[in-house]
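Asks: Residues per chain, in single letters:
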Amino acid sequence: MFFERKMKKQNIIKTIWFPALSVGIFLALLGLYGPRPAFYSLGGIYFLASIFPVATVLKTHNNSYLAVSMFLVFAGLVCISAPPAIENKHDIGLVPVFLVFMYALMMVVAYQAFNRRLRWRGEEIFELAAMPVEDIGDSFTARPRPAGQVPVSKTEMIRFVDFMSKNLIAFPFKEENRVVFVLTLPGNDLPYLFGIKKDYQEDTWVALDYDGNITVNITEKDYLLFKMDLDFDQICQSLGNVFSEFLELSQKGQESKIIDRMNALRLNPFA
Amino acid sequence: MMNFENAALLGAILSKDYAEDFFKLLVNYQDISASEAASRLSLHIKTAQDFLDNLTELKITKKNEVFEKKRPYFRYTLIQSMIDLKLDLSVYEKENPGEGLSRLIREMKENGANFSVAKSGDCFSAVTIWEGGGRERQEHKISLTTPQGKFLFHLPFPQARPMAISDIMDKAALDEEYSMEIQNIVDELIKLDVIEVL
Numbered sequence: 001m002f003f004e005r006k007m008k009k010q011n012i013i014k015t016i017w018f019p020a021l022s023v024g025i026f027l028a029l030l031g032l033y034g035p036r037p038a039f040y041s042l043g044g045i046y047f048l049a050s051i052f053p054v055a056t057v058l059k060t061h062n063n064s065y066l067a068v069s070m071f072l073v074f075a076g077l078v079c080i081s082a083p084p085a086i087e088n089k090h091d092i093g094l095v096p097v098f099l100v101f102m103y104a105l106m107m108v109v110a111y112q113a114f115n116r117r118l119r120w121r122g123e124e125i126f127e128l129a130a131m132p133v134e135d136i137g138d139s140f141t142a143r144p145r146p147a148g149q150v151p152v153s154k155t156e157m158i159r160f161v162d163f164m165s166k167n168l169i170a171f172p173f174k175e176e177n178r179v180v181f182v183l184t185l186p187g188n189d190l191p192y193l194f195g196i197k198k199d200y201q202e203d204t205w206v207a208l209d210y211d212g213n214i215t216v217n218i219t220e221k222d223y224l225l226f227k228m229d230l231d232f233d234q235i236c237q238s239l240g241n242v243f244s245e246f247l248e249l250s251q252k253g254q255e256s257k258i259i260d261r262m263n264a265l266r267l268n269p270f271a
Numbered sequence: 272m273m274n275f276e277n278a279a280l281l282g283a284i285l286s287k288d289y290a291e292d293f294f295k296l297l298v299n300y301q302d303i304s305a306s307e308a309a310s311r312l313s314l315h316i317k318t319a320q321d322f323l324d325n326l327t328e329l330k331i332t333k334k335n336e337v338f339e340k341k342r343p344y345f346r347y348t349l350i351q352s353m354i355d356l357k358l359d360l361s362v363y364e365k366e367n368p369g370e371g372l373s374r375l376i377r378e379m380k381e382n383g384a385n386f387s388v389a390k391s392g393d394c395f396s397a398v399t400i401w402e403g404g405g406r407e408r409q410e411h412k413i414s415l416t417t418p419q420g421k422f423l424f425h426l427p428f429p430q431a432r433p434m435a436i437s438d439i440m441d442k443a444a445l446d447e448e449y450s451m452e453i454q455n456i457v458d459e460l461i462k463l464d465v466i467e468v469l
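Residue numbers (the numbering used here), protein chains in the order written: chain A, 1 to 271; chain B, 272 to 469.
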């Protein structure tokens, strides 16, 4: 099925900055100081980087990131144990074992990435919300908007919140009388995962209270991600409708349909 | 019944910390001049003069011009021993609120107002508007009552279909008894170009 993209393409630097920087540092150190410092530094970078996916697992319970963390650990072990093996081919130690695990985990990570399990899905939510909306000129206003009501019990809400965070659809903030889902674009998740950003007011969010009221807030920054000036009232209502539909599917136990709807957009899993 | 300006003037007179002592003099003297009163109460003569002139304006005292040799001055006599401060606040009630409630409104485009969300998340607690420009630019923050906050939370966006005030009140689940305060904030925000009437 063909969908007209309504969002501007995301900057690819957000996705590739880490591997590009690692390779750059490795090559620079290799040229300046030789293989040993270069491999050790790269190994250190991988070990440090393995903490980030663990934070995602702890905050979202998305186990796919466990594979990313394990891959980075084994990549680090390969880098740390490689220099002696390069200098003396009889002293290879555990390098082959680490390499086998690293490649196996790399395959797992690649599979997860192609299936969009490692990607925050804010962009897909925006695309779904924008689909029925007309382009009628700039009508942005910086205030939340009520966007309907859907009956929900506390158990259903807990299930929905778990599903939304586990599948990286939105980052939940639990409040006394409601749950606020912050839409996170790829690359913008770290401040939330590490608890640096505790306030969602400056981000796009959808709140669901325990009476079933849906409230939507879209920031100007995110509104400008759309290629055209969409009717702001309609886009807010539509975003509320997307969440309402997702909640209803979750209530019926049809969460896989939510994932199917987003996958059907066929957005680039890496961009 | 007193009008608001006179009531405000009377309120200002009564709020002076020397007012009671001044009235004690006026009640017990047949008439008194500003300089005599000032010397008794240790006030500046201008202060005493203004106080007595204000009472005269409110017809609580009357003043007579007298002459000491050729120099004229005024002597004041109390003519009302009872002060009655009555204000009819019902005159400020909106006339014909029903008609006002049928006005079609929505938020004005690019109004520059900032709506602060209340902790409960289902209404606004304040609207902040920037007035003036350059160095004169000033923040004007209007704190909202809960019904007003709920009403504005349901206000249609710019370019959205405008709605009647009564319909927005229904949407926000507000009783008709709040219509006065809702109209008050609507009128204020219309004046500040935050809301437009269509």
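It cannot be assumed that every hint is accurate.
[To be verified] Listed next, the in silico PhoX-like pairs over lysine-lysine satisfying Cα-Cα at most 20 Å (straight line): (1) Lys380/B to Lys197/A; (2) Lys59/A to Lys221/A; (3) Lys198/A to Lys390/B; (4) Lys390/B to Lys174/A; (5) Lys412/B to Lys442/B; (6) Lys221/A to Lys390/B.
It is worth saying that the hints were derived from the structure and are not from the lab.
Asks: Run the structure past the numbered hints and jot down the numbers of the failing ones, going up.
Replies: As far as the earlier hints go, 1, 2, 5, 6 are violated by this structure, in ascending order.
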